[in-house]
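Enquirer: Please construct the entire structure, taking both the sequences and the accompanying hints into account.
So the protein lines, in turn, are chains A and B.
All residue numbers for the first sequence refer to our numbering, where the first residue is 3 and numbers rise by one.
All residue numbers for the second sequence refer to our numbering, where the first residue is 3 and numbers rise by one.
FYI, nobody ran anything at the bench for these hints, they're computed from the structure.
Please note that the accuracy of each hint is not assured.
What the hints assert, rightly or not - Just the calculated beta-carbon pair ranges, DEER-fashion:
hint: 1; chain 1: B; residue 1: 261; chain 2: A; residue 2: 147; range: 50 to 56 Å
hint: 2; chain 1: A; residue 1: 66; chain 2: B; residue 2: 78; range: 56 to 62 Å
hint: 3; chain 1: B; residue 1: 321; chain 2: A; residue 2: 132; range: 46 to 52 Å
Claimed, not checked - Some but not every residue of chain A turned toward chain B, in silico, with C-beta under 10 Å:
hint: 4; residue: 186
hint: 5; residue: 211
hint: 6; residue: 239
hint: 7; residue: 258
hint: 8; residue: 309
From the three backbone atoms N, C-alpha and C, an ideal C-beta is built for every residue, glycine too.
Number of protein chains: 2
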Amino acid sequence: MKIAVDAMGGDKAPAEIIKGAVLAVQKYPCEVILVGDEKKIRGTFDEKNLPITIRHADEVIEMGEHPADAVRCKKNSSIVVATKMVKDSECDAVLSAGSTGAAVAAAQLILRRIHGIGRPAIATPIPTPRGTTLLLDSGANVDSRPEHLIQSGIMGSLYAEHVLKIKNPSVALLNIGEEETKGNEQAKEAYQLLKNLTTINFAGNAEGRDIPRGVFDVVICDGFVGNVVLKFGEGLALTIMKLLTEELTANGGAELLGKSLLDSTFKNLYKRLDVSENGGAPLLGVDGYCVISHGSSDARAICSAIGVACDYVNSKILEHIRATL
Amino acid sequence: MKIAVDAMGGDKAPAEIIKGAVLAVQKYPCEVILVGDEKKIRGTFDEKNLPITIRHADEVIEMGEHPADAVRCKKNSSIVVATKMVKDSECDAVLSAGSTGAAVAAAQLILRRIHGIGRPAIATPIPTPRGTTLLLDSGANVDSRPEHLIQSGIMGSLYAEHVLKIKNPSVALLNIGEEETKGNEQAKEAYQLLKNLTTINFAGNAEGRDIPRGVFDVVICDGFVGNVVLKFGEGLALTIMKLLTEELTANGGAELLGKSLLDSTFKNLYKRLDVSENGGAPLLGVDGYCVISHGSSDARAICSAIGVACDYVNSKILEHIRATL
Numbered sequence: 003m004k005i006a007v008d009a010m011g012g013d014k015a016p017a018e019i020i021k022g023a024v025l026a027v028q029k030y031p032c033e034v035i036l037v038g039d040e041k042k043i044r045g046t047f048d049e050k051n052l053p054i055t056i057r058h059a060d061e062v063i064e065m066g067e068h069p070a071d072a073v074r075c076k077k078n079s080s081i082v083v084a085t086k087m088v089k090d091s092e093c094d095a096v097l098s099a100g101s102t103g104a105a106v107a108a109a110q111l112i113l114r115r116i117h118g119i120g121r122p123a124i125a126t127p128i129p130t131p132r133g134t135t136l137l138l139d140s141g142a143n144v145d146s147r148p149e150h151l152i153q154s155g156i157m158g159s160l161y162a163e164h165v166l167k168i169k170n171p172s173v174a175l176l177n178i179g180e181e182e183t184k185g186n187e188q189a190k191e192a193y194q195l196l197k198n199l200t201t202i203n204f205a206g207n208a209e210g211r212d213i214p215r216g217v218f219d220v221v222i223c224d225g226f227v228g229n230v231v232l233k234f235g236e237g238l239a240l241t242i243m244k245l246l247t248e249e250l251t252a253n254g255g256a257e258l259l260g261k262s263l264l265d266s267t268f269k270n271l272y273k274r275l276d277v278s279e280n281g282g283a284p285l286l287g288v289d290g291y292c293v294i295s296h297g298s299s300d301a302r303a304i305c306s307a308i309g310v311a312c313d314y315v316n317s318k319i320l321e322h323i324r325a326t327l
Numbered sequence: 003m004k005i006a007v008d009a010m011g012g013d014k015a016p017a018e019i020i021k022g023a024v025l026a027v028q029k030y031p032c033e034v035i036l037v038g039d040e041k042k043i044r045g046t047f048d049e050k051n052l053p054i055t056i057r058h059a060d061e062v063i064e065m066g067e068h069p070a071d072a073v074r075c076k077k078n079s080s081i082v083v084a085t086k087m088v089k090d091s092e093c094d095a096v097l098s099a100g101s102t103g104a105a106v107a108a109a110q111l112i113l114r115r116i117h118g119i120g121r122p123a124i125a126t127p128i129p130t131p132r133g134t135t136l137l138l139d140s141g142a143n144v145d146s147r148p149e150h151l152i153q154s155g156i157m158g159s160l161y162a163e164h165v166l167k168i169k170n171p172s173v174a175l176l177n178i179g180e181e182e183t184k185g186n187e188q189a190k191e192a193y194q195l196l197k198n199l200t201t202i203n204f205a206g207n208a209e210g211r212d213i214p215r216g217v218f219d220v221v222i223c224d225g226f227v228g229n230v231v232l233k234f235g236e237g238l239a240l241t242i243m244k245l246l247t248e249e250l251t252a253n254g255g256a257e258l259l260g261k262s263l264l265d266s267t268f269k270n271l272y273k274r275l276d277v278s279e280n281g282g283a284p285l286l287g288v289d290g291y292c293v294i295s296h297g298s299s300d301a302r303a304i305c306s307a308i309g310v311a312c313d314y315v316n317s318k319i320l321e322h323i324r325a326t327l
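Expert: Structure (structure tokens):
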């Protein structure tokens, strides 16, 4: 199992990406190829004893660049080189914490879409008190047509079953109400198509509150909505922690708990909420294994995402998707 | 100041609605007209000494009904009768915690839209550590065109200035990235229109996380997105509280704090997060004062929403909107 890791992508690249790779090769049965500026990578880890190699790539696609244009122009950028290694069967999967748009564009242009898939979708596993809810699309495709939502439903269901090991996963459509007449044109049309689909366990509409509660195994939505919701959740979780610290400081609770217990409580809580703790998100629908990580990923998150990539490849889910569509 | 309150609307109607009205008339300089089934309302409060009267209406629009059809057919439903009282200048404002769709449909069909407004928008004030962020539309119009977003921006800015008393409020467009090239077709087109608008303080794109952080005074979005985000936040806040209780119970923190301190901490935190604590949300864009409350509103939330209705009417903001558009 070989994973091509974009060493230059992410807010904390390359240092945390490299550290994450070092953790991962000791934890999972895999090799990592770090793709990026050799000068910045060489000498930062134990090259002799770890199954990690370096593939030089002297360009980087920055956050502000137009994804597809940048992928076409910067042929020697870390994400393009890493994605090509999957296309050329040098690696089994590619992982990036850099520009999501660039990673998606590289995957679409180089790996191509699976036949029958109109648009790929990022499937983000969200930790809930009941387990995991897979939310897709969380940002690959921001102008979805109803048929794209159906394809997301099928791919998400297969991923939940074969990778997350959930039997007969329930799939719901994110909407503004439970009734099938609710929603915008996109949702109403998608509902009718989903209702008649026999290949998935369609459970009707999900409302926003059903996601954190973990009511459904898979929730499908347009990438614009999914992206806004995920980032809103990120901000809200941090705001709640902040307000709670203020309350406990003001009412003397922080003193009673003591610093160490307070810190460990927050740390554990954050761990249970943090999407990055749960590793990367697969880009479903492209013809190759591609995993996307949060831009703020640290070594632990990268290590976890490499684990996700291994499970993803081992599931051979692309064959299931190809067979179903 | 007379407020027509839909006594039959909401999960806890009519009991909590009536109690909320009783609280409100003692707190705010207003009269309340409770609209609904007289048999269920009469005798439940001190009619002699409180400025509350009853207007009988023998029908109720239920949650599952098609809003516009129901408003057209059920002429004697509580929400239709209450809205007509505003149209006929018998009351200054109408408030409902019933079906949001029905309240919006009644307002559109009976009060009509302000000239120049394509679609009304629900403006929900969200408590943040920095104050309040007004999110609109949170569910009135789920298939917005870019010009509807612009109109929401103008109305939201006026509401923030004249009712929330924020000077030169910043207005941002909810999107998936900061750059103006980001987003779906709707957002990209809206950005260009907003950029050239001189009547508001347009501050660019907001990302999901900027809402709970309180980065902007007004955030505009399509009603589908706004509704999903609000409900997601509701569910996430409750999930976090639940996980936190679990953590503190497991690590002994709950015992150290003691039940009373723990309860008061959560209560205060919830108060600072709870949208309903901040009262109702105005339906902007219709030609009359209409306030919408959460379906789960209790007496305190209804009381607070009546206070919002009073401020809203006192601001004379409809004149400002009419003058600006």
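Enquirer: Starting from the hint list further up, note which numbers the structure goes against and sort them upward.
Expert: 8
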